[in-house]
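From first to last, the protein sequence lines are chains A and B. The opening residue of the first sequence carries number 1 in this note's numbering; numbering runs sequentially from there. The opening residue of the second sequence carries number 1001 in this note's numbering; numbering runs sequentially from there.
Treat the hints with caution; some may be incorrect.
[Stated by the list, open to error] Just so you have them, the derived chain B footprint on chain A, three or more residues with Cβ under 8 Å: (1) 71-78; (2) 88-96; (3) 178-192; (4) 256-264; (5) 301-309.
[Said to hold, decoys possible] Straight-line C-alpha distance at most 16 Å; calculated EDC-like pairs for lysine to aspartate or glutamate: (6) A:K107 / B:E1264; (7) B:K1008 / B:D1246; (8) A:K210 / B:D1246; (9) B:K1258 / A:E258; (10) A:K107 / B:E1261.
It should be emphasised that the hints constitute simulated quantities derived from the structure, not laboratory data. Quick reminder that beta carbons are idealized off the backbone N, C-alpha and C, glycines included.
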Amino acid sequence: MKFFKSFKAGIDKISVENLKGKVDAIKETVPSKEKEEKAKDKDKKEEIPEGHIKCPSCENIIEKKALGHYKICPKCAKLFRMNAKERIRTVVDKDSFEEFDVNMESKNPLNFPDYSEKVKSLQEKTSLKDAVKTGKCTIGGRPCVIAVMDSGFMMGSLGSVVGEKITRAFEYATRNKMPIIVFTCSGGARMQEGIVSLMQMAKVSAACAKHSDAGLLYVTVLTDPTTGGVTASYAMLGDIILAEPKTLIGFAGRRVIEGTIKQKLPDEFQTAEFLLEHGFVDAIIERENLSYVLSDILKLHNVKKVGEN
Amino acid sequence: MPAYDKVKIARKVTRPTALDYINHIFEDFIELHGDRNFRDDAAIVGGIAMLEDTPVTVIGVQKGKTMEENIARNFGQPHPEGYRKALRLMKQAEKFGRPIINFINTSGAYCGVGAEERGQGEAIAKNLMEMANLKVPTISIVIGEGGSGGALALAVTDRVWMLENSVYAVLSPEGFASILWKDPKRAKEAADVMKITAEDLLELNIVEKVIKEADGGCQNDFGFTANLLRGKLINEINILKEKDLDTLLAERYERFRKFGEFTE
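Could you build all of it, start to finish, from the sequences and the hints given here?
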C-alpha cells in the first residue's frame, strides 16, 4: 500500500511536471509582452543603429540591406524568417502571381474576447488579412497553385481563413488539374477559434485527398517553424516534402517533451536535418535554390511551360 | 452544469473505457494487434466484431482504470504506431466492406522523443487524409476526452457523436488558459469560453448526436448509456449502409468542408 502511494505520488508529480512543461513550451512559442519589452530594452542598450538588425544566431549587428533578397545572415548564413510577400517574390516568376480570396477575413466563431480587435490590429500592422496568401503563378514558366503561410500574423496559426483559403486553393488545383505547392510555417491551431480551428485540419486534409486522388502533384516546403496542427495535417501530406536548412519541424513543443522526459534535448532535435534522418523529409534545399528545384520538380511531373505543347 | 465539471467527469478514472463499450455493444470481438511496422501500441485497441447482424471493425483509444493499467496503456495517449495500427485496421475494413466504429477517449497524442522520431504529425495527418476517403460507413463517438489532433485522427467520420459528459477540444482547458492568459489556474474560465461540451458542440454542428448518461456520469449506470448507444449505432449503420458510395463520400466531404467562419 505504502509502495503504491509513493508510486502514485510519483505519477502525480510526473503529470504535474508534464503539464508544467506544456505550459512552459506554450509560453515559449508565444512571446509575452514582457519578453518583447525586455528584448527591446536589450536592443536599446546595445544601440542597434537605424537600418540594422541583430542576428539571433551569431549575434552580430548586421545592416538589414546586407541580408539581401533571400534574408540570409552574411556572417553565419542563418536564414531569417521571410514573410509571405518576400517568399513569393523570391520563388515565383516576376509578376506571375495572381492572388485568390484577397479580402477573406476571420469572424469570431467562439465570440472570444478581444480576438476581433487582435485580428484588426495585426491587419493594420502587417497589411495581411490573415496568415496565408494563396494564388496561382508560374515557376520557371510552369504554372502551379501556391499557398504561402506567414508567421508574422498570429504565428501563422491555423484558423478559419487559413483553412478555407488553402482548401479553396486545393479545390482550384483539382478542378484545373494543376499542381500545388504549399509553404508552411505555423505555431499550430488558432486557439481563439477553438474546435473550429481543429476542424480546419480535417477540412484541408480532405481537399488534399481529392487532389491526390486526381493524380495531381502536391509539394510542401516546410519553413521555420512548422509545428502542431499544421504538421499533423497538410504539412506532412505532400507527395514531395522539402524543407529549408535548420527549420524547426515538430508535432509537440520541445519544452513539453523535455518536461515529460526530464532531460534536455539535443539541439538538432526537431530540425529539418533530424526529420531527414528519420525519414520524414525528402530533401533539404538551400533557400536560394528553392525556385529552381521547384521548377525542376514541376518539369519532372510533366507540367508544361505556358505555351509549350 | 459548468463546462469544467464536465471535464472532471470526462476524466474520471472510473469512467467506462473503450473496451467496456466494445465488450457490451458487440459480439464475437477479436482483437487485432500491431501496425505491421514498429510495434503494438496498447493505447489503441482494435479488431473485428459483430454489431447485431453486421460484421464491423471497431477501434478505440484505451485508458486504464488502475495505475498499472494506465502505465500499460500510456494513459490513453497513443504513439504514431497506434494511429498507424488504427489506419491499418480501417483499410482492412474498407477491403472487406465492413463499417467502422471508433471510440475516442484521449487527452491527446503522446508528446515524447520516440513519438517525434517516428512522426507523430505524419501519422495523424495520414489518418485525416485517408479517413476522408474510406469507402465504407464510419462513425466515431467521443466517450470521455476528445483531445485535439490525437482525437481528430480517429474522428474524420460520417457521423461524430458524443456522450453527454464527454468533451472535445483543440487543447485542454489548462493548456488553453496558459497560452492565452499565461495562467493555467484559469482553466475553469477557459472551459466556459472554449465551447467543449457535447451540448455546445451539437449547437456548433461539430457533432450530430449526444448520447444521454445517468446523473453524475455514465459510470453510475453503464448499461443505460451502452444500450442506448448500441441501438443508435445499429440504426445509423443501417442508414449509412443504404447510401451509394458517391453520396456517402460527398456527404462526408461536405461534413468537414463547411467548418469555418469568415467574411469576404
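Hint-by-hint comparison with the structure:
Judged by the Cβ-Cβ criterion of 8 Å, the stretch 71-78 of chain A is not covered by chain B as claimed, because only 0 of its residues qualify and three are needed. Closer than 8 Å: that is the beta-carbon criterion, and the stretch 88-96 of chain A has 0 residues meeting it against chain B, so the requirement of 3 is violated. Coverage of the stretch 178-192 of chain A by chain B holds [criterion: at least 3 residues with CB-CB distance below 8 Å; count 3]. With a cut-off of 8 Å between beta carbons, the stretch 256-264 of chain A has 4 residues touching chain B; three or more are needed, and the interface restraint holds.
Given as covered by chain B, the stretch 301-309 of chain A fails the check, having 0 residues with a CB less than 8 Å from a CB of that chain where 3 are the minimum. Distance check on the hinted pair: A:K107 and B:E1264 sit about 10 Å apart at the alpha-carbon level, within 16 Å; holds. Of the pairs offered as hints, the one joining B:K1008 and B:D1246 is violated, with about 41 Å between alpha carbons and a cut-off of 16 Å exceeded. Proximity of A:K210 to B:D1246 is assessed by CA-CA distance (about 13 Å); at most 16 Å being required, the pair is judged to hold.
With a C-alpha separation of about 38 Å, the suggested pair B:K1258 and A:E258 falls outside the 16 Å cut-off, and the hint is violated. Simply put, A:K107 and B:E1261 have alpha-carbon atoms about 5 Å apart, close enough for the 16 Å limit, and the pair holds.
Violated hints, in rising order: 1, 2, 5, 7 and 9; the structure is consistent with all others.
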